[in-house]
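**Q** My request is simple: use the sequences and hints to build the entire structure.
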Amino acid sequence: MLRFILFRLLHAIPLLVAVIFVILLMLQLIPGDPVQAMVGDFPVSPAFRAAITKQYHLDDSFPVRVYSYFVNLLHGDFGYSYQFQKPVLDLIVETAPRTILLTLVGFLIAIPVGVLIGIISATTRNKRVDHFWTSSALVAYGIPTFWFGQLLVLVLAVHLGWFPTQGMGPLVSRAHGFSWLWERAHYIALPALAFAVHEGTRFARIMRASVADTLGQGYIITARAKGLTRWAIIRGHVLRNSSLPLITVAGYVLGSALGGAVLLETVFTWPGLGLLLVQAVRMRDNMTVVGIAIFAALAVIVINLLVDLLYAAIDPRIRSGS
Amino acid sequence: MSGAAAIEPPSAEAGPLARAWRSFRTTAGNIARTRHGAAGCAILLMLALVAAFAPLIAPYAPLQQAPASLAPPSWENIFGTDNTGRDIFSLLIYGTRTSLAIGLGAAFGALIVGGAVGMLAGYFRGVVESVLMRVVELFQTLPVIVLVLFTVALFGSSFWLLLVAVILAIWPLQGRLVYGQYIRLRGMDFVAAAKVADLSTAHIMLREILPSAIQPVIVQVALDASVAILIEAGLGFLGLSDPNMVSWGQILHVAQDYMTVAWWTSLFPGAAICLAVVGLNLFADGLNEVVDPRMRGRLAGLQT
Chain A
1 MLRFILFRLL HAIPLLVAVI FVILLMLQLI PGDPVQAMVG DFPVSPAFRA
51 AITKQYHLDD SFPVRVYSYF VNLLHGDFGY SYQFQKPVLD LIVETAPRTI
101 LLTLVGFLIA IPVGVLIGII SATTRNKRVD HFWTSSALVA YGIPTFWFGQ
151 LLVLVLAVHL GWFPTQGMGP LVSRAHGFSW LWERAHYIAL PALAFAVHEG
201 TRFARIMRAS VADTLGQGYI ITARAKGLTR WAIIRGHVLR NSSLPLITVA
251 GYVLGSALGG AVLLETVFTW PGLGLLLVQA VRMRDNMTVV GIAIFAALAV
301 IVINLLVDLL YAAIDPRIRS GS
Chain B
1001 MSGAAAIEPP SAEAGPLARA WRSFRTTAGN IARTRHGAAG CAILLMLALV
1051 AAFAPLIAPY APLQQAPASL APPSWENIFG TDNTGRDIFS LLIYGTRTSL
1101 AIGLGAAFGA LIVGGAVGML AGYFRGVVES VLMRVVELFQ TLPVIVLVLF
1151 TVALFGSSFW LLLVAVILAI WPLQGRLVYG QYIRLRGMDF VAAAKVADLS
1201 TAHIMLREIL PSAIQPVIVQ VALDASVAIL IEAGLGFLGL SDPNMVSWGQ
1251 ILHVAQDYMT VAWWTSLFPG AAICLAVVGL NLFADGLNEV VDPRMRGRLA
1301 GLQT
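Chain order of the listed sequences is A and B.
Counted from 1, the first sequence has number 271 at position 271 by my numbering; the numbering is strictly sequential.
Counted from 1, the second sequence has number 1260 at position 260 by my numbering; the numbering is strictly sequential.
These aren't lab readings, by the way, just hints derived from the structure by calculation.
Hints may be right or wrong, so weigh each one.
Which residues of chain B face chain A? A few of them, derived with a C-beta cut under 7 Å, are [claimed, not checked]:
id	residue
1	I1078
2	L1142
3	F1150
Pair by pair, the computed Cβ-Cβ distance ranges are [to be verified]:
id	chain 1	residue 1	chain 2	residue 2	range
4	A	F132	B	D1198	53 to 59 Å
5	B	G1180	A	I221	52 to 58 Å
6	B	F1190	A	P316	30 to 36 Å
7	B	A1271	A	V71	50 to 56 Å
8	B	R1186	A	V17	28 to 34 Å
9	A	I13	B	A1018	42 to 48 Å
10	B	G1126	A	F21	20 to 26 Å
Note that beta-carbon positions come from the ideal geometry of N, C-alpha and C, so glycine has one too.
**A** Have a look at this one:
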């Protein structure tokens, strides 16, 4: 197992380097003054210009610049955001937990709902119950998350006033303990719901296919012949064997969501990485954009690694490499 | 050439085009007989007709302004008007063109790029395989949407830039799928037989293996188109789609500021996006069922 982990790690590092290289290549493509490209729409004094040129080796050739950027990265220096007046790393460290929180709450709703709907429709295959859930899941999956978010805000927040329309809560709150949690839950409810509907129905579609596949296997017939109840069969034999496709897709969704759910965060003004990215792009704060891009790629790589490990933990055949 | 002609079955009096047409007709008929496929075909056919005959269907020119801005739905403007008095129904009709062009264009672009890479990586072993698959992995790891936002903000938006961007975002999936198919087929007896018969590599890849590999790939094309439509709508919603074109996402971008007083600016464009995406997914389900009858009642699109 340890060998497997090491092998995957060795595989991930060159990938990360290549990704960063491509992102830096994008930074080179920005037309015009490279100093201005680093700083954004921001007045630069000559002294400042000289300092930046020296720090990022802008007078040197491309390979030297890339090398020095990597050295900076390894020292934890992602550059400085002149728009936000903060180091880019600080910005990311500040906003990333909000995106992670939103994504995790969304997942906590989406996974059980998706698994449940998938199992219900696979076990009632081609009956009315299945048709109902399959069609509903298909339509719900086709709804664009950001539009669904708009509708939720319109109906549940603006008209009914049950939820706040945007943000993640007051900066200063008088509430404590449980009521504080309750207050925060009101803010996260709608964005998490919009996320969970789209992803939950995606998971349901996958679960239905893989559970249906598993139910056709010989060992399920054996289990049934032994007189196990339907629930015991599903819990003991079906769930684990049908979970691999779900883990693959869930990992893919998680990885891309952690890089910032741009649309979702824009609709709800949720101050996470996605919203930061949109602001940075609008203000041409390129160092911040590059920092977020690197963080997003890192999230995908780390999640893929975790998915591989989970795979190996669930399916011994993968561990032994056959 | 005479040797190749002799391999043709004697019953094939018609040319390859006619035979392709016949098999297309059979497949289309079979799709229309599945429950999901029929619904999907109906929706797609309707959207295609709307896009083709947009000027005949739309009551107003897309940019023509009515006297009343933000007018609620009425007989003059059945879906109401937006903040500058444009008829939303007419905007949606013309927006169908943009969405279908991006959806189909990007799906076929992804088919060509992903297909070529997957084919080469799957057929040749060794260096070609590992280098190409690392490229696929690189593109799957790159936060393409971040880079798309970045590029569009820097260079301004245009239809072609959007199309390329969406293709770059979705091609790796298709590449992986084609790669998997070629890996599965490259060891089969008919490929070995074709090699013994001294057929050219291009002939083996395109004429021998491709017909056996193509079916799930076509299902993926339909799914890719739905993802592309969603990406374009999302970019439009952020205000980053081509400003010279009418698109569903763009209407939603404008609607963001007015939807509390004018719900119709948001409801109808979103429903249009939903319809197109659901139509493509239904079509993919039907196609999947026809392609692989064992899949009856299951769903396509494990990957998307």
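**Q** Evaluate each hint against the coordinates.
**A** Going through the hints against the structure:
Given hint, I1078(B) at the interface with chain A, is violated; its Cβ is 20 Å from that chain's nearest Cβ, farther than 7 Å. Hint status for L1142(B): holds, given a least beta-carbon distance of 6 Å to chain A, under 7 Å. Taking 7 Å as the C-beta contact cut-off toward chain A, the hint placing F1150(B) at the interface holds, the least distance being around 5 Å. Here the CB-CB span from F132(A) to D1198(B) is close to 57 Å, well matched to the stated 53 to 59 Å.
The hinted range of 52 to 58 Å is not satisfied by G1180(B) and I221(A), whose Cβ atoms lie roughly 29 Å apart. The beta-carbon spacing between F1190(B) and P316(A), approximately 35 Å, falls within the hinted interval of 30 to 36 Å. A beta carbon spacing of about 52 Å between A1271(B) and V71(A) agrees with the range 50 to 56 Å that was offered as a hint. The supplied range of 28 to 34 Å is met by R1186(B) and V17(A), whose beta-carbon atoms lie about 31 Å from each other.
About 55 Å separates the C-beta atoms of I13(A) and A1018(B), a value inconsistent with the hinted range of 42 to 48 Å. G1126(B) and F21(A) have their C-beta atoms about 24 Å apart, which keeps the hinted 20 to 26 Å range intact.
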